[in-house]
Amino acid sequence: MTAPILTLTIDGRQVSGLASETVLQVARENGIAIPTLCFLEGLSAAASCRLCMVELEGSPRLHPACITPIQEGLVVTTQSERLFNYRRAIVQLLFSERNHVCAVCIANGHCELQELAKEFDIDHIAFPCRHPALEVDASHNRFVLDHNRCVLCTRCVRVCDEIEGAHTWDVKNRGIHSQIVADLDTPWGAAATCTGCGKCVHVCPTGALAEKGKSMAEVRQKRPFLPYLVANRAEERK
Amino acid sequence: MQQITIEPVSRIEGHASIRLFLDEDGRVQDARFQVNQFRGFEQFMVGRPFFEMPALTARTCGICPVSHELASAKACDQLLAVTIPAVAAKLRRLLNLAQLIQSHALSFFYLTAPDLLLGMDHPPETRNFFGLAAIDPQFARDGIRLRQFGQQVIERLAGRRVHPSWVAPGGVNSPLSAPAREAMLAELPEIISLIQAHLNRFKQTLDRHQEHIRVFAHFPSLFLGLTNEAGTLEHYDGRLRFINADGAPVADDLDPGAYQQAIGEAVEPWTYLKSTYYLPHGYPQGMYRVGPLARLNLADRCGTELADQHLALFRALASGPALSTFHAHYARLIETLYAAEQIERLLAEPDILDQRVRAVAGVNNLEGVGIAEAPRGTLIHHYKVNEDGLIEWVNLIIATGHNNLAMQRGILQAAQHFLDNATLHEGLLNRIEAVIRTFDPCLACSTHAVGAMPLTIELIGPDGSLIDRIRR
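One line per chain: the protein sequences are A and B, in this order.
Heads up, the first sequence stops at 244 in the working numbering, and the numbers go up one at a time, no gaps.
Heads up, the second sequence stops at 1278 in the working numbering, and the numbers go up one at a time, no gaps.
It should be emphasised that the hints constitute simulated quantities derived from the structure, not laboratory data.
We treat Cβ as the ideally placed atom computed from N, Cα and C, and that holds for glycine.
Warning: the hint list may mix true and false statements.
[What the hints assert, rightly or not] Just a sample of chain B residues kept apart from chain A, beta carbon distances all over 10 Å, derived:
#, residue
1, 853
2, 857
3, 926
4, 934
5, 961
6, 1106
7, 1123
8, 1166
[Claimed, not checked] Output of the computed footprint for chain A on chain B, the stretches with three or more beta carbons under 8 Å from beta carbons of chain A:
#, segment
9, 971–981
10, 1190–1204
Bound-form chain A, shown alone (with noise of 0.2 Å):
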């Protein structure tokens, strides 16, 4: 059974999507732009960065376009200038959270956070950046985890979970304690559970996750190869 079919209003357009689609979907599917940065399509929807918040008519509150269903009649608004603000700011939090230095970063010009920090004129941070000492973990013989440049998206955590079913990644601690680990806190080169395969490492938005080896701007990731994986594996399972 096709779920039905339901028209809304986004930023001042009609546009129609099946009932089980999120406000995200369908206003890329209508070539609406709206921010994101822990979504990644292929993977579920974490909804922890909050770039995609968007106004609702009638809501007072704004609401993550990741996870908001559509609704017959909703009138969703993607861009205003409190929402311009509020992801900027979001943006600048991030990176006054960890050490993110694009000049010498092995990401730059290839980094997600990078590219929001110029969609959002970001030339300066407004708050104070808190300079955590964190270390690098060099131990797996492929790949680096520099939580220095981690957002924690958790976009790694994910694609190990969801796609290659293995869950070598996990968050501990709370709040701005948080930390990906592998294997319940153990170095990556002794995760047992880790197969190698790199998905965390293409998937990741910035430089946390990378190939080792990889010197100043030299990232490549290839974030768009999800949906391919996905589909391929539904036909095997068909």
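Model the placement of chain B on the given structure of chain A, informed by the hints.
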């Protein structure tokens, strides 16, 4: 004791002040070249993956990022324990020569020429590159053109002029393209004749600077630099050679990895710039100089036709090594000519467009030393890593650190000559700064300290009281 302080020193790279100590009779007894900023590169690089080091250490300086990248990549090659593809070594060499041209052009045309062409006593408001351009626009244009050429070669090889990310552990990350090669070759004849014209012009003005030659850091010292098996100028590879003031080698064919057997580092409480010295002679007797003057003094010959012709004239200035650092200006121009000729030669090599430009490996050694000749002198990067390839310890020795003792001595010599009584005047200030400029110091690099460049001189009496202060 009275004391004079010059702060900040201008038209050099970085922040410094000069203190002149006077005795009871008002004569200069001692001089201190004080570098007052700190950056801490050796500390904050600890814990980073070693393959980031070329890019990270390049950030010590916007003038010589290329030199740091090369010394760093050479140290990393040792951590990988690989022999890099031959063409990668040639491409790195090309990059270093281009760096030499752009930096020497900056030093000579932008920073030094105002003193030489306008005069030491020219009003300071216009004693700069713009003042020079107003009087001799063609000279200024030539300086800009030469620096542009060097920067363009860097861009054509590495993608951008400042802080390119092309040099990598194991080689470089992309081969040279045929159009880039053709473009560079097409410009070289003009560049070579431009450098020759300025070399000839400079040579003719030497008579006017006899007093400066006599007192601008003119004394016996050791000299350090790289040279190779052929005994020619060497900026990328080779082995270390120390010569004495008579030109005789005191240490030759030293493995760069064993630099610590020859070079000691002393720390003084009043400056962030370390002083290096030749270890067997002790501190501070082991004073030595590096840079263009040292390289020309210790190489048997340049190794290119035109530069060797000029080297013969340069050698005729003194019976042994040229001992006045004023001649570093001359040496810089000869090296610039050499670099242009050498670039032409390298670009003509049949394998220069080879596509395989990088060797790949993991950590195979836990310690590596990379040494290259930066425009200002011998540059040493020394790293220790753990089994995962994370940096555990870093030592950087930069040209200006090698020259520190000689700079102090040079300032003292000039101050004793030019300070006639215990009052300060602009001409004195500038002559003392000009001594420092002959060394072309880069304080940002050498202290790994940040800064734009102003200078103050303070005159302090025997009781420690401030007698006079002049600031720009």
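Results for each hint:
The claim that residue 853 of chain B is not at the interface with chain A is violated, since a C-beta of that chain comes within 10 Å of its own (minimum 6 Å). With a closest Cβ-Cβ approach of about 5 Å to chain A, residue 857 of chain B is found to fall inside the 10 Å limit, against its non-interface label. With a least beta-carbon separation of about 39 Å from chain A, residue 926 of chain B lies farther than 10 Å from that chain, consistent with its non-interface assignment. The beta carbon of residue 934 of chain B sits about 30 Å from the closest Cβ of chain A, which is more than 10 Å, so the claim that it is off the interface holds.
Against the 10 Å criterion, residue 961 of chain B stays outside the reach of chain A, whose nearest CB is about 15 Å from its own CB. Separation of residue 1106 of chain B from chain A is adequate, the least Cβ-Cβ distance of about 36 Å exceeding the 10 Å criterion. Consistency note on residue 1123 of chain B: stated as away from chain A, and its beta-carbon is indeed over 10 Å from all of that chain's, at 44 Å minimum. Some Cβ of chain A comes within 10 Å of the Cβ of residue 1166 of chain B; the nearest lies about 7 Å off, and the non-interface call is violated.
Figure legend: the segment 971–981 of chain B, annotated as covered by chain A; annotation consistent (4 residues with Cβ-Cβ distances under 8 Å, at least 3 required). With 3 residues bearing a CB less than 8 Å from a CB of chain A, the segment 1190–1204 of chain B meets the requirement of three and the coverage assertion stands.
When each numbered hint is compared with the structure, violations occur for hints 1, 2, 8.
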